[in-house]
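Asks: Below, each chain spelled out in residue letters.
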Amino acid sequence: MNVTVLRAGVQTTVQDLGRHGLQRFGVPVSGAMDAYSLTVANLLVGNQAADAALEMTLDGATLQFDGDALIAIAGADLAPRLDDHPLPELRPLWVRSGSRVRFGMSRRGCRAYLAVAGGFDVPVVLASRATYLRGGFGGLSGRALKQGDRLAVSAPQAVRFPGLRAQLDASDSGFAAPHWSASAHPERLDRDPQRIRFVPGRHWEALDAEARNRFLHAEYRVAAASDRMGYRLDGGTLANAGAGSVPSESTAFGTIQLPPDGNPIVLMAERQTTGGYPRIGEVAGADLALLAQLRPGARLCFERIALGEAQRLWHQQAAALAQIGASVAANMAQ
Amino acid sequence: MSDAPPSLSFLPLGDRALLVEFGEQPDPAVSDRVSALTAWLDRHPLAGVTDLVPAMCSLALHYDPEAWQGDDPARTPYDRLVSALQAVVPQVPAVPQRVGAVIEIPVVYGGEFGEDLAELARACGLAPEEVVAIHSATVYTVYMLGFAPGFAYLGPLDARLSLPRRDTPRTRVPAGSVAVANAFTAVYPAELPGGWHLIGRTPLTLFDLGRDPPARLAAGNRVRFVPVDAARFHELGAAQ
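Going line by line, the protein sequences match chains X and A.
Reminder that position 145 of the first sequence reads as 944 in my numbering, one-by-one numbering, no gaps.
Reminder that position 199 of the second sequence reads as 296 in my numbering, one-by-one numbering, no gaps.
These are calculated hints, taken from the structure and not from any lab test.
Careful: at least some of the hints might be erroneous.
[As the list claims (entries may be wrong)] So the derived list for chain A, only partly shown, Cβ under 10 Å to chain X, looks like this: (1) A220; (2) F244; (3) P311; (4) A315.
[Unchecked claim] Footprint (simulated), chain X over chain A, 3 or more residues, beta carbon under 8 Å: (5) 112-123; (6) 271-285.
All C-beta atoms in this analysis are idealised placements derived from N, C-alpha and C, irrespective of residue type, glycine included.
Take the sequences, apply the hints, and build the full model.
Replies: The structure is reproduced here in structure tokens:
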């Protein structure tokens, strides 16, 4: 089966959970900005968590499927429709061959994910299908999708949710959805300002008390110059006392860097692998999905938590995903 | 000489990575310890570790905390992984078992191949030929790769060639450019923006998606630059 891109949207890319094991050669991880939502969408169609799906940003794509397709949508609400019928998120959806799935402007959040059973079949480059935009490789020709592109879909070994598919024939809307849905992200995507929890980093204590206090109480905005590599933050310039540049070391998804101008930058999915700016903290892994859903101009504030608490939150999130995977596996043959 | 044990510390890099740190300033001895632990962990992998990232003074382990959950809620996955590393480190030799010889990188210095050579020589109070002689006399250690795929930081750079980066970075540095800044020298593996001083260019491809591994250099390698002329540059470029 193939998917044709009738309209590409602002920035639609093929992503998976990233390129691991090659950071030592300077190769960025890349992958989904909101890995939680990409995983949920994949699990709902019976895929592996790390299969390739589409990431759409702020204004989504219009896609046409040339066969009956099992899809799922998670993450931002980009007003998905099948022809003129609104499509529900967070559940498996069988859509009829030839129908057009349209995404529009975001009504909530920044990035939506569309997974299709079998996964998008683009070449594996350095152990991943993720698009690395700056490096120009991975995904479809190393770039965002354009109008007229065609993406192949791998065929699953068995029909998933056959009972649902059988309902397609009788469906007026062109799609069939179950009555249940997966639970949404435990935190609200539209909290304003959004609360982002972080663990203090190597240079947190090197900040003076006033700078630390400011970081904890400032209301930041995601600057317009933010992208998949990093979020620049406006709203609370921090005096960078005593913490100049340091010998370069590995960075992480969520590292909060403090460059000399005192305006923090949070490193995101397509971050460079090493950095020499002071590192005042790391965003809790469990809150990266929330951060990735903030659009330029959105407000956020930071809350300090301990490492143990961050790892407990991560464990909860992993358990929630495992639960979704188990429920789908138990129902997928029906 | 000091009898104090070499420095070693562990610190978190967020909730899914940690750093093992061997010193505060990059030098070949610190780099060797980083490389030795990297090589050891390559041969004896720890559960849930997805990336080993050697850098100037530290080795980062990126890991899945789910692989290090346990029954005692007072001990975090981080605590457990650090304990495992503390048990490993005493077994690791201080110097890595190096595979292969010094890697030679042919370079045409100066002129259109290294636009900043004359200016750098002036700023350092040297003749351009002296800069070339000094730069190509050292056997460098690859401290780490970073900044861009295949970009290797080599050191130590002779202090006579040490200058801060250019005030205004170039938006496009040609692929293969050999450059210096501060205490390091490097080769640009692709056309990239950059603020280093360009002293020459190599015809070698430093990063190739079709190769495994994709980068020609890895942390811990020893490297020497070999001056060649423009004719040899084109010959070598065509032969790849």
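Asks: Run every hint past the structure and note whether it holds.
Replies: Results of checking the hints against the structure:
Nearest Cβ of chain X to the Cβ of A220/A: about 21 Å, over the 10 Å cut. The hint is violated. With its C-beta approaching chain X no nearer than about 6 Å, F244/A sits inside the 10 Å limit, and its interface hint holds. Of the supplied interface hints, the one on P311/A holds, with its beta-carbon coming within about 6 Å of a beta-carbon of chain X, less than 10 Å. At a threshold of 10 Å, the smallest CB-CB gap from A315/A to chain X is about 7 Å, leaving the interface hint in force.
With 7 residues having a beta carbon nearer than 8 Å to a beta carbon of chain X, the stretch 112-123 of chain A meets the requirement of three or more and the stated coverage holds. Figure legend: the stretch 271-285 of chain A, annotated as covered by chain X; annotation inconsistent (0 residues with Cβ-Cβ distances under 8 Å, at least 3 required).
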